[in-house]
Amino acid sequence: MTSLPDLNQKIQSAAKRLLAEGKAEVVIGCRQGTTPMTVAPIFCRTEDDCNQLIWSNFAKINLATYLPKYPGKVAIIAKGCDARSAVGQVVEKQIERENLYIVGVACGGLVDVEQIQAREPRPIRAAEEDWATIKLSGDGWSSSLPKEDVLRRNCKTCVSRTPEGVADELIGEPTEALPADDYADLKALAGQSLEEKMAYFKGLVKNCLRCYACRNACPLCYCPVCFVDETRPQWLGKSQDEMDTFTFHLLRAFHCSGRCTSCGGCEAACPMDIKLREFNRLLDEEVQKDWNYLPGLSWDQTPPLTTYRPDDEADFIK
Amino acid sequence: MAEYIVKENALKDFFKALTEGGKRRFLAPAEVSGKLQMIETDPEKVSLDFGNTHQSPKSAFFPQTEKLMAFHKDTAKSDPFVYKPLGLDETAPMVLFGLRPCDARGLVVCDRVFQNNRFTDPYWKSKYESAVKIGLACHDPRPACFCTAVGGSPFGEAGLDAIAFVRDGGLALKTLSAEGGEFLKGLSGLESAEIGAELAEKKQAAEAGMPGPLDQSKVAGAAVMEIYNQPHWKDTADRCLNCGTCTFVCPTCHCFDIQDEQNEKGGLRMRNWDTCMSWLYTVHGTGHNPRPTKTERMRQRFMHKLKYIPMKQDGACGCIGCGRCVTLCPVNIDIREVARQMNG
Ligand code: SF4
Ligand code: SF4
Ligand code: SF4
Ligand code: SF4
Chain A
1363 MTSLPDLNQK
1373 IQSAAKRLLA
1383 EGKAEVVIGC
1393 RQGTTPMTVA
1403 PIFCRTEDDC
1413 NQLIWSNFAK
1423 INLATYLPKY
1433 PGKVAIIAKG
1443 CDARSAVGQV
1453 VEKQIERENL
1463 YIVGVACGGL
1473 VDVEQIQARE
1483 PRPIRAAEED
1493 WATIKLSGDG
1503 WSSSLPKEDV
1513 LRRNCKTCVS
1523 RTPEGVADEL
1533 IGEPTEALPA
1543 DDYADLKALA
1553 GQSLEEKMAY
1563 FKGLVKNCLR
1573 CYACRNACPL
1583 CYCPVCFVDE
1593 TRPQWLGKSQ
1603 DEMDTFTFHL
1613 LRAFHCSGRC
1623 TSCGGCEAAC
1633 PMDIKLREFN
1643 RLLDEEVQKD
1653 WNYLPGLSWD
1663 QTPPLTTYRP
1673 DDEADFIK
Chain B
19 MAEYIVKENA
29 LKDFFKALTE
39 GGKRRFLAPA
49 EVSGKLQMIE
59 TDPEKVSLDF
69 GNTHQSPKSA
79 FFPQTEKLMA
89 FHKDTAKSDP
99 FVYKPLGLDE
109 TAPMVLFGLR
119 PCDARGLVVC
129 DRVFQNNRFT
139 DPYWKSKYES
149 AVKIGLACHD
159 PRPACFCTAV
169 GGSPFGEAGL
179 DAIAFVRDGG
189 LALKTLSAEG
199 GEFLKGLSGL
209 ESAEIGAELA
219 EKKQAAEAGM
229 PGPLDQSKVA
239 GAAVMEIYNQ
249 PHWKDTADRC
259 LNCGTCTFVC
269 PTCHCFDIQD
279 EQNEKGGLRM
289 RNWDTCMSWL
299 YTVHGTGHNP
309 RPTKTERMRQ
319 RFMHKLKYIP
329 MKQDGACGCI
339 GCGRCVTLCP
349 VNIDIREVAR
359 QMNG
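Here the protein sequences line up with chains A and B, keeping their order.
Residue numbering for the first sequence follows this note's numbering, beginning at 1363 and increasing consecutively.
Residue numbering for the second sequence follows this note's numbering, beginning at 19 and increasing consecutively.
Keep in mind the hints are simulated off the structure, nothing from the lab.
Hints are supplied without guarantee of correctness; some may be wrong.
[What the hints assert, rightly or not] List time: in silico PhoX-like cross-link candidates among lysine-lysine, alpha-carbon distance up to 20 Å:
id, chain 1, residue 1, chain 2, residue 2
1, A, Lys-1497, A, Lys-1568
2, A, Lys-1378, A, Lys-1455
3, B, Lys-34, B, Lys-85
4, B, Lys-53, A, Lys-1568
5, A, Lys-1637, B, Lys-30
6, A, Lys-1564, B, Lys-53
7, B, Lys-63, B, Lys-25
8, A, Lys-1564, A, Lys-1497
9, A, Lys-1637, A, Lys-1549
10, B, Lys-30, A, Lys-1435
11, A, Lys-1431, B, Lys-85
12, B, Lys-252, B, Lys-41
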């Protein structure tokens, strides 16, 4: 079984080597957070920075989110989904391949802190982790949970846990890909009436604050000005109006269709635990069905949304 | 100052009595969609066992979307297209039970923004002044709580009309303001008691495990520009997503944006929470943005909490240590860490 200290050691040496060799000006990875069960992204520029790098089950966001804003040579410590998103950004011409170095780390899945707290409601004062177990403790108690039981939803159907094929180097023992999402719940939903479907999707976002943390955490949402922030014209109202909120989610999902790597970063960032990936899953299924396309798996893919064929069967496109 | 207890079997009667026979809206910690929130609720559904509510209670006084004025377009009537104020006398006064002491202090910070010697915000004032605020002290502060580091206490009394703590499944309660004393007098479920010694003891026990004061002496003494130009901002901003989560969950963040909307029948002016983390917050009509990158935006939030509010509110810290932003920031930007860097 992979030992985390060993993995951390390897990540740290790789980062130091890349800085020393000038392959990257900065290495983006994760370090321990300031409270139990948190990690903080870190931009390593010195050896001291590199010594803080870790791999953690508690990582939250997809580090590829930082790449499009980064001007110089950058290396990223990437799990499977981070690497896929980075590849997607190259394919979508947001970053230059030669400025990017991917240190792939074989991932065994991340955990969902909400699920942990649901199982362990006592105040958690400290958490320790290894590859397969989460150990928790509080005032006068300790307990442990198999990681398997509290995996993030998206990690349960991950087809790219090991970023093989796209990483410039790979750390850790490759982990098996899991059976892909079968979309069973969405197929069941498809059989329902329009009203039922509408109620389902409105219900998903009814507590949304429109803080847009989901958007800002998403590696696909790199637009310089998001359509919700446009003011001339202003496409969308700013209040908690149900239709405006719904429109935001619907449009964002369409903008992300065929591009989402199911990293779960959006849901992990959402302060209201909104399961907004349901919108993406719905469109992922469509794209997979019609184009047989999975994003971020190779450097020479052409995303369906940017493909044009003169003999396209759809009339509206000609 | 009066002291009472409420026995466990009298709790529901007591909560019902707080509504003064339905004249007041009753807000207390209760579950909505799996999260505990300070909301208008049934006296039967109040939770006494919680760390803190997921979101801050500010929305009771400063809703995320607040309708300010409206007009109609009916030219058959005398006053089409004339904006008329809304919401000032439309709602019943509130009684809030179960405010955590940190959040009550947060409301005091907001109150001084919305009501001071320069402005009075009538929408805030009409709700805040008439509300009775009953606190619930924390026996078991959570890992991210740090009220004691910023001048508060899990048994703090600021901003409250009365403070309660859980005792044998029921409550012990002490009135703090004249209004609180008047309001509680004779309410059903209350029994007079001596609770002072117990309260002091519990307070000490709760504070014992909590962090000591966060040293902000250098920040207080330094010129604004000195802190503004510190080099650490850039490093922290590297990882900030400008996602705004911290501002939306913060009990003292109070920025808003005014918007007009209309349809064929009429129009509405409302204010919505805004966030200084957003690019849109400062962009000018010309397209110029005085806070062009996330570094300036992130810096603003912390300067406001730790320098500008203390300057404007006689040294009071703009952060009351609820820990919400610390727990919910997706990239673990911890205001305590930033405060230490600022005090450098
Ligand atoms: S889904 Fe969550 S993160 Fe996204 S805007 Fe709504 S509340 Fe914010
Ligand atoms: S939509 Fe969500 S799951 Fe998909 S790439 Fe963006 S953050 Fe990841
Ligand atoms: S919650 Fe964290 S990442 Fe989001 S804006 Fe606030 S400090 Fe930045
Ligand atoms: S800054 Fe953070 S810890 Fe301080 S009051 Fe606001 S949400 Fe709470």
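Here's how the hints hold up against the structure:
Of the supplied pair hints, the one linking Lys-1497/A and Lys-1568/A is violated, its CA atoms being roughly 34 Å apart against a limit of 20 Å. Distance check on the hinted pair: Lys-1378/A and Lys-1455/A sit about 28 Å apart at the alpha-carbon level, beyond 20 Å; violated. Using a Cα cut-off of 20 Å, the hinted pair Lys-34/B and Lys-85/B is violated, with the two alpha carbons roughly 29 Å apart. Taken as a hint, the Lys-53/B and Lys-1568/A pair is honoured in the structure, with Cα atoms around 13 Å apart against an allowance of 20 Å.
Of the pairs offered as hints, the one joining Lys-1637/A and Lys-30/B is violated, with about 35 Å between alpha carbons and a cut-off of 20 Å exceeded. At roughly 18 Å between alpha-carbon atoms, Lys-1564/A and Lys-53/B fall within 20 Å of each other, so this suggested pair holds. This hinted pair checks out: Lys-63/B and Lys-25/B have alpha carbons roughly 17 Å apart, not beyond 20 Å. Restraint check for Lys-1564/A and Lys-1497/A: the C-alpha separation of about 37 Å exceeds 20 Å, so the hint is violated.
Between Lys-1637/A and Lys-1549/A the alpha-carbon distance is near 17 Å, which keeps this suggested pair within the 20 Å criterion. Proximity of Lys-30/B to Lys-1435/A is assessed by CA-CA distance (about 64 Å); at most 20 Å being required, the pair is judged violated. About 38 Å separates the Cα atoms of Lys-1431/A and Lys-85/B, which puts this hinted pair outside 20 Å; it is violated. A distance of roughly 52 Å separates the Cα atoms of Lys-252/B and Lys-41/B; the hinted pair therefore is violated under the 20 Å criterion.
Hint check: violations occur at hints 1, 2, 3, 5, 8, 10, 11 and 12; the rest are consistent with the structure.
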